[in-house]
Structure formats: structure tokens, C-alpha cells
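S.K.: Using the sequences and the accompanying hints, generate a full structural model.
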Amino acid sequence: MKNILVIVSIICLIITLVPSFLVFAGFMTLEMNKTLMLVGTIGWFVTAPSWMNKKEKA
Amino acid sequence: MSTKKNLRKQLDDINEYEREPIPTQKLKGWKSFIGTYAGEHTAGTEFVIGPLFVAHGASAFDLVTGLLVGNILAVLSWAFLTARIAVKERLTLYYQLEKIAGTKFTFVYNLVNAGLFCFLAGAMIAVSATAVGIPFDLAMPSLTDIYPNSVGWVITVFIVGAITTGIAMFGFERVSKFSNVAAPWMIMVFIAAAIGVLPQLGVSSIGDFWQVAKNSIWTGVPLEGQSKFTFWHIVFFAWFCNMAMHIGMADLSLLRYAKKWQYGFSSISGVFLGHYIAWIASGILYSLFLMSAADSSSFSPGPIAYGAAGIAGAACVFIAGLTTANPTLYRAGLAIQSINPQWKTWKVTLLVGLFTTIAACFPALVMRLLEFVALYGLILMPVGAVIFIDVYVLERIGLKRNYAALTDTSFNWSVGITWVITLVLCLSLNLAAGVEIFFLGLPGWFIAVLVYLVCNKILQKQDLKITSRLVKDNLVSDLKS
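Protein sequences appear in the order of chains A and B.
According to the numbering used here, the first sequence is numbered sequentially starting from 172.
According to the numbering used here, the second sequence is numbered sequentially starting from -4.
Calculated directly from the structure, the hints in this document are not laboratory data.
Hints may be right or wrong, so weigh each one.
[Said to hold, decoys possible] To list a few chain B residues with every Cβ distance to chain A over 12 Å, as calculated:
hint, residue
1, 422
2, 453
3, 455
[Unchecked claim] Pairs of lysine-lysine residues, derived as DSBU-like cross-links and limited to a Cα-Cα distance of at most 30 Å, are as follows:
hint, chain 1, residue 1, chain 2, residue 2
4, B, 99, B, 83
5, B, 223, B, 209
6, B, 21, B, 94
7, B, 21, B, 255
8, A, 173, B, 172
9, B, 342, B, 172
10, B, 99, B, 339
11, A, 173, B, 254
12, B, 339, B, 83
13, B, 223, A, 173
14, B, 26, B, 254
15, B, 21, A, 173
Glycine is no exception: its CB is placed at the ideal position from the N, C-alpha and C atoms.
M.R.: Laid out in C-alpha cells, this is it:
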């Protein structure tokens, strides 16, 4: 379960970052980029807290 | 009722080891420090500082090279000065200082320190508030505003202040967790926002970037009424913007949790993400704003980020402000609590949070951020120099360290004189020689070291002579009786 959440979180970070490069390359509009960034943001904050901050093994 | 009791007990049970070395089992690993530094230094202030380099006419070459040199110096300061002492002593700055300078000096220092921390945290809260106000079409402050410009602004600041204080009340653990989660996302938003607007600045390929950077973003020409920033301004600002934390030793309180002194290098996550990439990214966003804005004196990080990255951008400004305000508020709480260790950490933090929130209502705190950050580091720096000399030098030259604890003195005059003379001489350098505030930290540190050594040489000799005479007299009278 944890691994799935980690993968989803990473995908959300990618969704936040990568579309801006598509805007830069002319393949996407800035408005679509903003929407995808919001989706990535929500996904990150829903999934990341459940696997980050787990106690480190000594 | 039981929930209320549980919450109270939970808050009372938070032990931050303010007056004892951190136990081994409570030490933290790399991950905790990398997350905390990345969160703390990828912050709301980056949305202000990056644009101010543009406003001060930094050239693209000076910016890129100056930030590189300044940030490396900052990381080295954290590792070799702060972290080494933090791991050696494992005490908070405040308790360390109490042993060296005495309770009365520490009381004065703590008040000054807590006040400065509050103002810094207040600036972060204000930056966050510019993002919260967007959906309500809140009238944002401009570069020239000093006082709150509307009731809506005050209410917004109070909401953000309440959230920040609430998180800080739960101590370092919660602060660290909050920063850990937000940090990777924040830096993605900073980068994405800047990349996404590059076409609007005229960058259509990677090869165009340097030309646009030189000619349209960091042009080397300051805005009207702003001073010119050179390579050296950028080096020293990047190095000293966190002077209070590294050379000033405030991060002893944080790094005392580190397993090894090398964890001081984890500050690299903060400075190179926050003080390099984020400053460059926010500079790009601001230059686009300058191109399109009718009123260039209007300056609000929230709407600027919202324009480039939508709701995610505004959320980034809000959260970036919080992740910096939280540890700063926590430090201010520790500073005040060391006045009376019996006070509960959470109660002190609550009070400090209220004061900070009131300060955050004044937009001047944000608009003069560069000068404030430099002044804040300068004021706290002499105490860092004192601690450094006390830990590493005094015993090697035959003097006693932790002098106040050793002699049961409540005010070590060597430290008091060092602090005052250093700041007076720095002020003189500023007024008489015209040395700008950004550069004063370096000569100031050497002045502090010299004055502290001379004062100790003179005062310790006198005090120890008196003490040994008293001991001798007591022994004689004991023998007679």
C-alpha cells in the first residue's frame, strides 16, 4: 500500500512540474498548465503525508 | 472534556530538552534536517527577495555567480561553525549563552532575539496573507505602505497567524513533519511557475534564455529609487541573509539534534533550492509582472504567483510563508521560555504567535525585508562570535570558558561589552565610512572576536585575583576560628 502511495505522490509531483515544460515547448496552454498543477498539488497533499515522516530506523 | 484534558496533557508532555543535552535516542537523521532546511529556506521570503534583486538592478552574470559563491559560504558556515558546536555541546543557544554570559545578559539577549524572530515570522505571515486574500479580492499592500490598508487585510493576517501559531505550538516534531511534506512540492511549483511564463518573456528555446536573462530580466539597471546591487552585494547577501542562524549560532537549537556535525551540510538543500533556484524563479515572475503591470510599485507575492501558476501558485506562497514562519516562531518561543524555564513551551508560543500576528499586519515589514534581514543577522552575530571563541579558544590561551556558570555571575561583562562595542563600531562604519549594512557582518565578526578576547583577558584576570583572595581570606579565618 505504501509503495502505491509513494508512486502516486511522485506522479503528482511530475504532474505539477512537467506540463510547464510543455508550455515552454508550445505544446500546452498556460491555463491547462495551471489546472494540472492544481491536480498535482491536491494529489501530493492527499498522498504524501501518509508515507513521509515515518520514523527513521536507528 | 476528556479531549480537552488529553490535548492539554499532550501539549504539556512535549519536552524540547531546553536545559539538558539531547539524549542519544532523540537524535535525528539526515532526512529530518534536509526536510527542515529545504522547507525553511524555500519560503515566502523567496517571493520577495528574488524580485528585489531585479529591482536593485543585479546583472544576470553577477546574480548567477554571486549566489553560487555566497551560498557555498553559508553552507560552510553552518557546517564548520554551527553544527560542530551544536554536536559538541548539544545545548540550545540560550542555555549555552546562559553558561557563558549569565542569566541577566541572556534575559536581555532573549528579548532582543525573540523580538527579531517575531518580526521575521511576521513578514512570512504577511506574505502568506497576500495569497489568502486573492479569492476575496483583497486590496493588497504596495511598496510604500507602512500601516495596514484595510480591515480585510488585518482579518486575513490574523487567520494565517492563528494557523501558524497552532502548528508551532506542537513543537519541533510537527514543524519538521510539515516542512518535510511541503518542501518537494514547493520547489516544483517555483520551477514550474518560472518555466511556464518564459515564452511570455520571449524565451522560445533554451538558447534564448541567457540573452533574455541579460536583456529583460536581470538587466543590471535598478528601478527608480533603488540602489545598484553588484556581485559583492549578492555574495554577501546570500552569505549573511541567515547570519543569525549560522554565524550567530541560532541553529544550535536545531542542529543539537544532529547525530554528526556533518549534518550541517544538509543546509545545502535550503540554500541551493531556496536561495538559488527559488530566487531566480521569483525574479523571472517579477520581471514578467513589471512588463505587464500598470503600477510597478504594487507588489504582492500571492497575486504574482497566482498569475503564473494559478491556485497552486497562490497555495505555494501561502505554504512557503507558513513553513518559514513556523520554525521561526518556535525559535522565538524557545528564546522567551529560556527567561523562565518553568513556563510551558506551548503557552509561550501562543503568546509569541499573538505578538507576531499583530506585527504582521504592518506591510512595511515585507517591503523593507532586505534591510531587515541584514540588520537582524548583524545584531545577533556578536553572540555567535562569543560562543565560537568560548568553545574553541579561551581554554587554549589559559582562560576559563563558561565563565558565568563557573563564577556564578549573572552578567558577564566581557560579553555585554563585546556586543555593544561591536554594534557601535558597525554603526560607525555604516555612518562614517558609508559601508552598506549588507557588508558589515564580516568586519563585525572580527571586531567581536577581538573585543571578547581582550575583555576576557582583562576581566577574568581581575575577577580570578579577587576570587582567589576571597578564598584565601576565608581559609585564614576558618583556620583562626
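S.K.: Against this structure, judge whether each hint is valid.
M.R.: Against the structure, the hints:
At roughly 45 Å, the least C-beta separation between residue 422 of chain B and chain A is larger than 12 Å, which holds for a residue marked as non-interface. No Cβ of chain A comes within 12 Å of the Cβ of residue 453 of chain B; the nearest lies about 48 Å off, and the non-interface call holds. Interface exclusion of residue 455 of chain B from chain A stands, the closest Cβ pair being 42 Å apart, more than 12 Å. Our distance criterion of 30 Å between C-alpha atoms is met by residue 99 of chain B and residue 83 of chain B, whose separation comes to about 25 Å.
Restraint check for residue 223 of chain B and residue 209 of chain B: satisfied, since their Cα atoms lie roughly 16 Å apart, inside the 30 Å limit. Proposed proximity of residue 21 of chain B and residue 94 of chain B is supported: the alpha carbons are some 23 Å apart, at most 30 Å. In summary, the hint linking residue 21 of chain B to residue 255 of chain B is supported, as the alpha carbons are separated by about 13 Å, within the 30 Å threshold. With a C-alpha separation of about 17 Å, the suggested pair residue 173 of chain A and residue 172 of chain B falls inside the 30 Å cut-off, and the hint holds.
Taken as a hint, the residue 342 of chain B and residue 172 of chain B pair is honoured in the structure, with Cα atoms around 21 Å apart against an allowance of 30 Å. Distance hint between residue 99 of chain B and residue 339 of chain B is fulfilled; the C-alpha atoms sit about 21 Å from each other, no more than 30 Å. Taken as a hint, the residue 173 of chain A and residue 254 of chain B pair is honoured in the structure, with Cα atoms around 27 Å apart against an allowance of 30 Å. With a C-alpha separation of about 27 Å, the suggested pair residue 339 of chain B and residue 83 of chain B falls inside the 30 Å cut-off, and the hint holds.
For the suggested pair residue 223 of chain B and residue 173 of chain A, the alpha carbons sit about 52 Å apart, so the restraint of at most 30 Å is broken. The suggested pairing of residue 26 of chain B with residue 254 of chain B holds, with an alpha-carbon distance near 12 Å, which does not exceed 30 Å. A hinted pair counts as satisfied when its Cα atoms are at most 30 Å apart, and residue 21 of chain B with residue 173 of chain A qualifies at roughly 25 Å.
Going down the numbered hints, you'll see the structure goes against just number 13.
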